[in-house]
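All chains should be built: construct the whole structure from the sequences, respecting the hints.
Respectively, the protein sequence lines represent chains A and B. This note's numbering applies: residue 240 is where the first sequence begins, and numbers increase by one. This note's numbering applies: residue 139 is where the second sequence begins, and numbers increase by one.
Any given hint might turn out to be false.
What the hints assert, rightly or not - Some chain A residues near chain B, calculated using beta-carbon distances under 7 Å:
1. Ala-385
2. Ala-388
3. Gly-396
4. Leu-401
5. Val-566
6. Ile-569
The hints are simulated quantities; they were obtained by calculation from the structure and are not laboratory data. Every residue gets a Cβ at the ideal spot worked out from N, C-alpha and C, and that includes glycine.
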Amino acid sequence: MSKFLQSRLGTWSGFAAAALVLFGLAPLVLSGFRLGLFAQFICYAIVAVGIGLAWGRGGMLTLGQGVFFGMGAYLMAMHLKMADAEFRGGPGSVPDFMELAGIRELPAYWAPFASPVFTVAAILILPTAVAVLLGLAVFKRRVKGAYFAILSQALAGAFAILLIGQQSLGGFNGLSYFRYFFGFTINDPVNQRMLYFITAAALLGVVAVALQLRRSRYGELLVAVRDAEERVRFLGYDAANVKVVAYAVAALFASIAGALFVPVVGIISPASVGIVPSIMFILGVAIGGRATLVGPVVGALAVAWAQTALSEQFPSAWTYAQGLLFVLVIALLPGGIASIPALAKRLKKTRTASTPAEATA
Amino acid sequence: MDVIVGPLFTGLSTGSILLLAALGLSLTFGQMGVINMAHGEFIMAGTYTAYLTQQLVGDAGVSLLIALPFGFAVGGAMGLILEALLIRHLYHRPLDTLLATFGVGLILQQVARDIFGAPAVNVTVPEALRGGVDILGTTVPKTRLFIMALAVVAVVAVTLVLRFTPAGRRIRAVVGNRDLAETAGISSRRVDAGTFFIGSGLAGVAGVALTLIGSTSPTTGQSYLVDAFLVVVAGGLGRIKGAVVAAVALGALQAVFETYSTASLAKVGVFVVIVVFLQLRPQGLFTLRTRSLA
Chain A
240 MSKFLQSRLG
250 TWSGFAAAAL
260 VLFGLAPLVL
270 SGFRLGLFAQ
280 FICYAIVAVG
290 IGLAWGRGGM
300 LTLGQGVFFG
310 MGAYLMAMHL
320 KMADAEFRGG
330 PGSVPDFMEL
340 AGIRELPAYW
350 APFASPVFTV
360 AAILILPTAV
370 AVLLGLAVFK
380 RRVKGAYFAI
390 LSQALAGAFA
400 ILLIGQQSLG
410 GFNGLSYFRY
420 FFGFTINDPV
430 NQRMLYFITA
440 AALLGVVAVA
450 LQLRRSRYGE
460 LLVAVRDAEE
470 RVRFLGYDAA
480 NVKVVAYAVA
490 ALFASIAGAL
500 FVPVVGIISP
510 ASVGIVPSIM
520 FILGVAIGGR
530 ATLVGPVVGA
540 LAVAWAQTAL
550 SEQFPSAWTY
560 AQGLLFVLVI
570 ALLPGGIASI
580 PALAKRLKKT
590 RTASTPAEAT
600 A
Chain B
139 MDVIVGPLFT
149 GLSTGSILLL
159 AALGLSLTFG
169 QMGVINMAHG
179 EFIMAGTYTA
189 YLTQQLVGDA
199 GVSLLIALPF
209 GFAVGGAMGL
219 ILEALLIRHL
229 YHRPLDTLLA
239 TFGVGLILQQ
249 VARDIFGAPA
259 VNVTVPEALR
269 GGVDILGTTV
279 PKTRLFIMAL
289 AVVAVVAVTL
299 VLRFTPAGRR
309 IRAVVGNRDL
319 AETAGISSRR
329 VDAGTFFIGS
339 GLAGVAGVAL
349 TLIGSTSPTT
359 GQSYLVDAFL
369 VVVAGGLGRI
379 KGAVVAAVAL
389 GALQAVFETY
399 STASLAKVGV
409 FVVIVVFLQL
419 RPQGLFTLRT
429 RSLA
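This is the structure in structure tokens:
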């Protein structure tokens, strides 16, 4: 089975099956509202793929993916707000929330986001560039392990606080109430379905990129850096560069997810980019299996689904469950659900191996 | 004069708060390389200890004096339990410890929320600590002076214990070289538990003290935790000296940034300074010299 999955045919059939579920089954079975929820979960799954690459394969525990998620989201939200303003009052008018906050003049940094091309480019480039710069600063000096985790977490904290302080970005309430998505009305069910399809396609694309990276020489190097960074360095590679690439790719994925999250969910606020949401991204990845390709996706979807299903009815119980899941999965099942078959096999093997020994004794 | 003394005192005061929160972390993180995300919740437990003591005793001044050692005991006991049940089994996986203890922190927060409710509860400041004292032309709140004094006492106490008691000697031996210490007959397991008790107890004390200036709510600890971690990272692992200098420096930096911009920009500024600083000294301010590659 696992050999088949690793073959080329297996890959293609895997993608075909996933596409069938995402593009065929899900829109058929799910109502419009649930499809929207599913699109939201897929956004989390896209972030999870990036974390799987950086943390599972590269050993970098990034507790700050909310930063890149938030960057993508806010960049997109700014464009949508600008588009709204233009529809309402012609070019150069101020988005509605700014009027309420008493900001009469458009801040200079908002102006370029009237252009969709600029916005998309910014979503792709800006978070990646930030990740590259930060990664170079951190990894070149061999800051790693716990230090890196804490720094990335502090970054998420600082980012959220920075956003709360910015009245021209909606402050504590963030940006919400979007009407148009690149010229299409967001409320239209048909367009909502289109948004879902775009999100699902993005997930497949992101997984394909991650798969390609894993199978390339680079992917092997990344795992080598994770397992024995010094040895890789002694072999003449620059381990820092290897890490920076994975970190930047993870940031890019998170940014794309954030950009899709905004039209899908309709709101972005500092509360969904800070320290706690950033660490929550990790939970799904850990449950699914951090070092696997599909594990993070499945884990993220499952956690998001459970959260929606349980948190409203049993908010208290859900928090306990989250905490317990963190403790149990990390302590007892570090390989996640994906490692269960291998564990079961090993258990079986030791049992069959120990039986004859008992017989002779 | 005001321009200098004002930020200086704010800095010292912010620094001493940071230091109280970070001192215990510096011990546990430094010694075992263990990142205890539940440390913030131990601080939170300290704040609720102060609250409960005040409910029972009534008099704010007396209850504060009772709550300080009691907070140490509560935090320490929680630390001991956590160490025995979870952290001990994850020694060689520091990053996993971080995530697992984050889960513990989530649970503890929810426990507090279920018992005391999500809104902040009120802890009355003792009569003797209300108002301010004029120092060099600026008014410094007495509560802040008390926290500074407490931070000094805590640092001195920890330093004395580490330097002059047999237990402290064993702790230093294990920090320096775990294997060698074990060869010398020290039970590193018991030392770890002891260190964790002290470190977590300090979190409890910090919590009690923080009720004087901040609110007491289930998420109280979280707000201090990240800053405390930054102090430990900037100060260097396992060095009390480093934690002291880093806490005061970061506190002062925060105060200076705040006077020239907003509080939110100040946080970002401090973060940038730390990243730049780690460029110069990746291991922090003071480092233990070891021969390990890591």
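Status of the hints after comparison with the structure:
1. A least Cβ separation of about 5 Å between Ala-385 of chain A and chain B falls short of the 7 Å threshold, and the interface hint therefore holds.
2. Checking Ala-388 of chain A against chain B: minimum C-beta separation of about 6 Å stays under 7 Å; hint holds.
3. This hint holds: Gly-396 of chain A has a C-beta 5 Å from the nearest C-beta of chain B, less than the 7 Å allowed.
4. At a threshold of 7 Å, the smallest CB-CB gap from Leu-401 of chain A to chain B is about 5 Å, leaving the interface hint in force.
5. With 7 Å as the threshold, the beta carbon of Val-566 of chain A comes within range of chain B, its nearest partner Cβ sitting at about 4 Å, so the hint holds.
6. Given the 7 Å rule on beta carbons, the hint for Ile-569 of chain A holds: about 4 Å separates it from the nearest Cβ of chain B.
Consistency with the previously given hints is maintained throughout, with no hint failing.
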